[in-house]
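Use these hints to put chain B onto chain A, whose structure you have.
These are the residues of each chain, in order.
Protein chains: 2
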Amino acid sequence: MAGDRTTPGMRGPYRKGVERREQIIRSASEVFGELGYFGGSLRTIGDRVGASPATLTQYFGSKEGLLAAVLEDWQRQAGRGLLQDDPLGLEYFRALIRVTEFHVEHRGLLELFITMAADSTNPGHPAREFIQRRYADVLGNCTAKLREAVDRGEVAPMSDEQIEAEVRILIAVLDGLELQWLLGADIDLPALATRYLEHAITCWQSGRSIS
Amino acid sequence: MAGDRTTPGMRGPYRKGVERREQIIRSASEVFGELGYFGGSLRTIGDRVGASPATLTQYFGSKEGLLAAVLEDWQRQAGRGLLQDDPLGLEYFRALIRVTEFHVEHRGLLELFITMAADSTNPGHPAREFIQRRYADVLGNCTAKLREAVDRGEVAPMSDEQIEAEVRILIAVLDGLELQWLLGADIDLPALATRYLEHAITCWQSGRSIS
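Same order as they appear, the protein sequences are chains A and B.
At position 12 of the first sequence the residue is numbered 12 (the UniProt record's numbering), and the sequence of numbers has no breaks.
At position 183 of the second sequence the residue is numbered 183 (the UniProt record's numbering), and the sequence of numbers has no breaks.
The following block holds chain A by itself, in its conformation from the complex (with noise of 0.2 angstroms):
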């Protein structure tokens, strides 16, 4: 994995630096995922890779710069899973629901996105501008992709606000349902949130939205 992210061919100590930073992040993205932002503490992160809390402050200047290198690696790593072309209308959110599979396979990420999400639920969490916009930018392209389906004629006419509830909806459907497979629920996460959307796109079809 690391050698995925490090440049071929740098020199011997910078690269040594890179990958002890991104071992630290790894560590952090872990303990951050297990005992949460103020459960998890430098010393346990750095424990973890033999470093010790100076280290980590030397690399990351603070507890709080941890946590931006965490949330900023989170997202690259999240981006993996998604498409890399950008589908049309009701595509996007079957492209979407595919998501779930990779989640499945890389509960970590999951874990570590769910606590930050339920932590920043508190107004003085450090993480929760950066959920704060997360949710917003999925908002944003859920809705305009749902417009775009209706200006396509893939689905019957809705207007702006039933599309928000719709998306609104769908959102919270999935982020329910990872939580109870994280929970440890014997379910079929991709299955059953892919029957869910299946079924929201049938009634958006046949002009039976939610209103």
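Derived from the structure by calculation, the hints contain no laboratory data.
Where is the CB? At the ideal position from N, CA and C, for every residue including glycine.
One should not assume that every hint holds.
As the list claims (entries may be wrong) - Footprint (simulated), chain A over chain B, 3 or more residues, beta carbon under 8 angstroms:
1. 24-36
2. 168-178
3. 182-195
To be verified - So the derived label-pair ranges between C-beta atoms look like this:
4. B:Gly12 to A:Val49: 53 to 61 angstroms
5. A:Glu19 to B:His106: 42 to 50 angstroms
6. A:Leu82 to B:Glu198: 29 to 37 angstroms
7. B:Gly61 to A:Thr57: 34 to 42 angstroms
8. B:His106 to A:Arg94: 36 to 44 angstroms
9. A:Asp160 to B:Gly184: 17 to 25 angstroms
Showing chain B alone in chain A's frame:
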């Protein structure tokens, strides 16, 4: 509030102990909701009510003992949001959705629950068993009530497997919308939850359940 729970006429020193215990539980509920279980130290919890960590240990045995008291208190308080009678079939779901109004008025209880649930995606979390039991109870109750609605002819026939899928998705919608609301989304949580439920009921009645 404390007056609700202490018995009138209790003798001074005993009563003082009960009130002190309740103050500590309230402080711990706030702190665990804000910082998570691992992030909320006995010192932080004690500081908010002018008690030392040693006093907290004296009352609750350990931090895990205090968590158990917090979860028990949460369950008692969340129970006040439920109807005291036991509505049949579909009426049960309409009553369940009204619980979101209670949640909006008691944000701290909701924040504590969502934080503990996300924390408990860590298999070693001391709240995990409580949270898993809670989900199993809600799933079991809702499944029985939707089966009852089928048997009473309120909705079209559904297989057990369809009923479980419908209920898991309903629970996901509630958790997911609550998370969005806690993260600051500009939504009318009870209204949006009600819209989803009424849509689901219409689908159940016309035999268009998720399948």
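Evaluation of the provided hints:
1. 24-36: holds (count 4)
2. 168-178: holds (count 9)
3. 182-195: With 7 residues closer than 8 angstroms to chain A, the segment 182-195 of chain B meets the three-residue bar; holds.
4. B:Gly12 to A:Val49: 53 to 61 angstroms: holds (55 angstroms)
5. A:Glu19 to B:His106: 42 to 50 angstroms: holds (48 angstroms)
6. A:Leu82 to B:Glu198: 29 to 37 angstroms: Holds, at about 33 angstroms.
7. B:Gly61 to A:Thr57: 34 to 42 angstroms: holds (36 angstroms)
8. B:His106 to A:Arg94: 36 to 44 angstroms: With a Cβ separation near 39 angstroms, His106 of chain B and Arg94 of chain A satisfy 36 to 44 angstroms, so the hint holds.
9. A:Asp160 to B:Gly184: 17 to 25 angstroms: holds (20 angstroms)
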